[in-house]
Amino acid sequence: MENSNKLAWTWRVKEECLEEYVQMHLNPWPEILEEHSKAGITNYSIFQNGNQFFYCFECEDKEAAFAYIAQSEACNRWNAITSKMVEGSFDFNEETPMEPLREVFYLE
1 MENSNKLAWT WRVKEECLEE YVQMHLNPWP EILEEHSKAG ITNYSIFQNG
51 NQFFYCFECE DKEAAFAYIA QSEACNRWNA ITSKMVEGSF DFNEETPMEP
101 LREVFYLE
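Heads up: the sequence shown is residues 1 to 108, going by the UniProt record's numbering.
There could be a bad hint or two in this list.
Think about it this way: if two alpha-carbon atoms lie no more than 30 Å apart in a straight line, the pair counts; the simulated DSSO-like pairs of lysine-lysine are [what the hints assert, rightly or not]:
1) 6 / 84
2) 6 / 38
3) 14 / 62
4) 38 / 84
5) 62 / 84
6) 84 / 14
7) 62 / 6
8) 38 / 62
Keep in mind the hints are simulated off the structure, nothing from the lab.
Could you put the whole structure together from the sequences, leaning on the hints where they help?
Dropping the structure here:
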């Protein structure tokens with residue numbers, strides 16, 4: 001599973017930002033959806049458990065996708081807002097913008 005094209009991680013959203021964070025993701029900007037598609041990201045889901053969110057997507061080339069997102073003006077505007085809401089970083093210019101979870105099971 002080391003070469004999986006899936007990526008998953010979790011973040012906690014600050015309690016005072018929870019409602020706004022959820023609303024932004026229930027009604028994402030069209031250009032954000034388009035940029036993620038152009039980056040090669042597919043099957044992207046976000047699940048909520050209280051203030052903890054679980055993110056999972058598929059992508060053939062994660063490094064290329066992250067590089068594309070890091071250069072996207074729309075994504076940088078979105079991330080400037082949402083990164084202040086989470087306990088962690090949305091900066092895709094960092095070497096590891098999030099800590100990926102280890103996949104330990106997959107049923108095909």
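Tested hints:
For the suggested pair residue 6 and residue 84, the alpha carbons sit about 26 Å apart, so the restraint of at most 30 Å is met. Restraint check for residue 6 and residue 38: satisfied, since their Cα atoms lie roughly 17 Å apart, inside the 30 Å limit. Between residue 14 and residue 62 the CA atoms are separated by roughly 27 Å; this keeps the pair inside 30 Å, and the hint holds. Of the supplied pair hints, the one linking residue 38 and residue 84 holds, its CA atoms being roughly 25 Å apart against a limit of 30 Å.
Between the alpha carbons of residue 62 and residue 84 the distance comes to roughly 24 Å, so the proposed pair stays at or under 30 Å and holds. Taking the CA atoms of residue 84 and residue 14, the gap is near 9 Å; set against the 30 Å cutoff, the hint holds. Taking the CA atoms of residue 62 and residue 6, the gap is near 9 Å; set against the 30 Å cutoff, the hint holds. A hinted pair counts as satisfied when its Cα atoms are at most 30 Å apart, and residue 38 with residue 62 qualifies at roughly 13 Å.
No hint from the list above goes unmet by this structure.
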